[in-house]
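Student: The primary structure of each chain is shown beneath.
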Amino acid sequence: MRKTLSEEQLESVISYILIIGVIGSVAIETLGILTYYYSNGNLNIVFQPEYALKGADFFSYARTIFLESLQLRWEPFQILGLGMVLLMITPYMRVAASVIYFGLVKNLKYLFITLFVLVILTTSLLVH
Amino acid sequence: MIDMLTVLAISILAGFLGALTGLGGGSIMTPILVEFGVPVKYAIAASMVTIIATSSGSAASYVKQRITNVKAAFYLEMFTITGAIVGATITAFIQPRLLYFFFAAFLLTSFYGLSGHLKEDFPKAVKQDRFSKWLELHGSYYDQAARKQVKYKMTNAHLGGLGMLVAGLAAGMLGIGAGAFKVSVHELILKMPSKVSSTTSNFIIGITALAGASVYFASGLLFVGLAAPMAVGTTVGAVVGGRLLNRFPNRLVRYLFLIIVFVLVVQMLYRGITLQ
Chain S
1 MRKTLSEEQL
11 ESVISYILII
21 GVIGSVAIET
31 LGILTYYYSN
41 GNLNIVFQPE
51 YALKGADFFS
61 YARTIFLESL
71 QLRWEPFQIL
81 GLGMVLLMIT
91 PYMRVAASVI
101 YFGLVKNLKY
111 LFITLFVLVI
121 LTTSLLVH
Chain X
1001 MIDMLTVLAI
1011 SILAGFLGAL
1021 TGLGGGSIMT
1031 PILVEFGVPV
1041 KYAIAASMVT
1051 IIATSSGSAA
1061 SYVKQRITNV
1071 KAAFYLEMFT
1081 ITGAIVGATI
1091 TAFIQPRLLY
1101 FFFAAFLLTS
1111 FYGLSGHLKE
1121 DFPKAVKQDR
1131 FSKWLELHGS
1141 YYDQAARKQV
1151 KYKMTNAHLG
1161 GLGMLVAGLA
1171 AGMLGIGAGA
1181 FKVSVHELIL
1191 KMPSKVSSTT
1201 SNFIIGITAL
1211 AGASVYFASG
1221 LLFVGLAAPM
1231 AVGTTVGAVV
1241 GGRLLNRFPN
1251 RLVRYLFLII
1261 VFVLVVQMLY
1271 RGITLQ
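Chains S and X are the protein sequences, given in the same order.
Just so we're aligned, residue 1 is where the first sequence starts under our numbering, counting upward by one.
Just so we're aligned, residue 1001 is where the second sequence starts under our numbering, counting upward by one.
Hints are computed from structural coordinates only; laboratory data are not their basis.
The beta-carbon is built from N, C-alpha and C at its ideal position, and this holds for glycine as well.
Any given hint might turn out to be false.
What the hints assert, rightly or not - If you want the footprint, here are the derived chain S segments under chain X, 3+ residues with CB under 8 Å:
1. 7–21
2. 25–31
3. 42–55
4. 80–90
5. 108–120
Just need the whole structure built from these sequences, with the hints factored in.
Tutor: Written out as structure tokens, the structure is:
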């Protein structure tokens, strides 16, 4: 670990997290839409409760969808769900990165502020 | 019933216009989807997630250019996420009819956003209060148009926080970024320079949207079949719009956007009134 971490490095890390998250999720969603068309023969959107994203909470949904995706069954809703999870986790990761940064540079004020944001988001994502 | 291809086409257009006008496509997306028969709460929930993509995509480059004030963003996010969670919770429970009226009222504020903000502003000699100083709310960036390093200080952090709570509430309730409102708070209350203001607002929008989206996820209002083509479409539209930004006459784009907003306001009001 380098001794002096600059705010510039944090900004650089944040920038990478955001760009990877967005490009990754858009690519996965595109693949999901194509797979949906391939397996259904149409692109109709169905608004039945069973097609809404759901899980015990966001994190357990994310874990389930990630583990299922590893089996590569090319199930459209799995792929679409994976893209959604990646998209939603992107801003969350940048807050987490900021908490770590302010902890490392011992800026207690901003450690507290970013931690507050992280705790609120985590709580809200855990609510069922 | 609407299909993904139609949603994709609408989103590309909304993302494109959003990038050209700087107002974000979120606010016009929902009313258009509603016209196509999508239930208003589903449209709002999907918009909320979509905004994460457009905001994060453009934030990535602004942060790298060091224009965004990340400290101000972190401080203000405490308020926007709290507002967004409350706002989204309200939407999950209230009558859909009321949402039409709230939406129409909000769209009207975009007229203000479009009329102003044409001139570049560098607030001078800002007297920083103690709280803002304690929060280290100052910074500098290189302004390419003015060809100089701009140094600035912010003030009124406590009032700015309050303004952001309201912005977060509107964002969470309507599934929008509320960018124009945030920018106004940044410039009028906190005294941020224009460029810092809009890029910082963009940065905050991603987190605010996640806070709202978390509530919509828990409420079972989030349909990936709707959200996926929206996320892809608005991102593609925004990238293309951003690249063509200087090729379109600013006036023409703004008039076009104003006409769309006007039609949408009328339609949302009409729906709100005639809904049983």
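Student: Each hint needs a verdict: does it hold in this structure or not?
Tutor: The hints, checked one at a time:
1. For the segment 7–21 of chain S, the stated coverage by chain X holds: 11 residues have a C-beta nearer than 8 Å to a C-beta of that chain, and at least 3 were required.
2. Check result for the segment 25–31 of chain S against chain X: holds, 4 residues qualifying (beta carbon to beta carbon below 8 Å, three or more required).
3. Restraint check on the segment 42–55 of chain S versus chain X: 11 residues with Cβ-Cβ distances below 8 Å, three needed, restraint holds.
4. Counting residues of the segment 80–90 of chain S whose beta-carbon sits less than 8 Å from any beta-carbon of chain X gives 7, enough to reach three: the coverage restraint holds.
5. Given a C-beta distance limit of less than 8 Å, the hint that chain X covers the segment 108–120 of chain S holds, as 7 residues qualify and 3 suffice.
Against the hints set out earlier in the document, no violation occurs for any number.
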